[in-house]
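A.B. asks: Chain residues, written in single-letter form:
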Amino acid sequence: GAGVSQTPSNKVTEKGKYVELRCDPISGHTALYWYRQSLGQGPEFLIYFQGTGAADDSGLPNDRFFAVRPEGSVSTLKIQRTERGDSAVYLCASSSGTSGGARGTDTQYFGPGTRLTVL
Amino acid sequence: GNSVTQMEGPVTLSEEAFLTINCTYTATGYPSLFWYVQYPGEGLQLLLKATKADDKGSNKGFEATYRKETTSFHLEKGSVQVSDSAVYFCALGTNAGKSTFGDGTTLTVKP
Numbered sequence: 001g002a003g004v005s006q007t008p009s010n011k012v013t014e015k016g017k018y019v020e021l022r023c024d025p026i027s028g029h030t031a032l033y034w035y036r037q038s039l040g041q042g043p044e045f046l047i048y049f050q051g052t053g054a055a056d057d058s059g060l061p062n063d064r065f066f067a068v069r070p071e072g073s074v075s076t077l078k079i080q081r082t083e084r085g086d087s088a089v090y091l092c093a094s095s096s097g098t099s100g101g102a103r104g105t106d107t108q109y110f111g112p113g114t115r116l117t118v119l
Numbered sequence: 001g002n003s004v005t006q007m008e009g010p011v012t013l014s015e016e017a018f019l020t021i022n023c024t025y026t027a028t029g030y031p032s033l034f035w036y037v038q039y040p041g042e043g044l045q046l047l048l049k050a051t052k053a054d055d056k057g058s059n060k061g062f063e064a065t066y067r068k069e070t071t072s073f074h075l076e077k078g079s080v081q082v083s084d085s086a087v088y089f090c091a092l093g094t095n096a097g098k099s100t101f102g103d104g105t106t107l108t109v110k111p
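As you go down the protein sequences, you meet chains A and B in turn. Residue numbers for the first sequence follow the numbering used here, beginning at 1 and rising by one. Residue numbers for the second sequence follow the numbering used here, beginning at 1 and rising by one.
If you're looking for bench data, these hints aren't it; they were derived computationally from the structure. Here the structure is a predicted model, which means the values were calculated and not measured. The beta carbon of each residue, even a glycine, is placed where N, CA and C say it ideally should be. Treat the hints with care, since some could be wrong.
[Unchecked claim] Computed spacing ranges between beta-carbons, pair by pair:
hint : chain 1 : residue 1 : chain 2 : residue 2 : range
1    : A       : S5        : B       : T108      : 28 to 34 Å
2    : A       : R84       : B       : T5        : 27 to 33 Å
3    : B       : M7        : A       : T13       : 19 to 25 Å
4    : B       : P111      : A       : D63       : 47 to 53 Å
5    : B       : M7        : A       : E44       : 40 to 46 Å
6    : A       : T52       : B       : P10       : 28 to 34 Å
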């Protein structure tokens with residue numbers, strides 16, 4: 001079956017520009033997560049959705065970052081006024097949410113990531 | 001806050017050697033613990049997990065036991081293969097849904 005997909009796979013932009021990164025979760029998965037991974041580090045939590053709502057956005061670094069999931073499926077991570085320090089691989093994951101919602105016991109299925117480079 | 005500390009790499013072993021990658025954690029409450037693996041050119045995928053103390057997760061010959069008394073979840077394999085070469089991440093998840101990952105350990109297995 002289809003896994004989690006992310007587009008684009010690579011994005012190069014200039015400092016100050018706006019970017020959107022898209023995530024298509026596994027069909028039927030109610031929970032969706034965004035992470036950021038810098039070179040040599042593990043994924044860093046940004047935000048997770050349960051359905052259409054952001055259940056926890058405590059990992060978003062500042063107000064330049066925003067994410068939406070309007071219909072409870074596809075999600076878009078939006079970054080305004082990009083900075084060089086935003087360069088990283090942005091990972092999306094989804095889980096079934098069957099353990100009473102987005103619980104820590106749920107297995108997360110990861111997409112291949114979007115590599116963002118800000119020049 | 002929650003944190004995960006992994007044994008620093010890289011780790012290089014000969015084929016059929018015994019593998020241990022250490023992982024310790026700090027968390028409030030009762031987290032679930034995971035090992036994820038990232039093979040070259042591929043995305044992160046779950047290797048094994050344990051959801052409560054003393055549980056043992058196992059998959060593909062790898063094992064890890066959830067030790068609450070030592071707050072550890074060390075990954076072991078009795079005989080590694082070249083195909084096990086990858087980056088391994090220890091992670092914890094809480095009922096709040098948020099996961100915390102270690103920085104990863106790169107394993108290279110030589111024939």
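A.B. asks: Decide, hint by hint, whether the structure agrees.
C.D. replies: Checked hints:
For the pair A/S5 and B/T108, the beta carbons lie near 30 Å from each other, so the given range of 28 to 34 Å is met. Look at A/R84 against B/T5: about 29 Å separates their beta carbons, and that is inside 27 to 33 Å. Between B/M7 and A/T13 the beta carbons are some 36 Å apart, a value that contradicts the proposed interval 19 to 25 Å. Judged by the Cβ atoms, the range 47 to 53 Å given for B/P111 and A/D63 holds: they are separated by roughly 51 Å.
Hint check: B/M7 to A/E44, Cβ distance near 20 Å, so the stated range 40 to 46 Å is violated. Checked against the given bound of 28 to 34 Å, the beta carbons of A/T52 and B/P10, roughly 42 Å apart, lie outside it.
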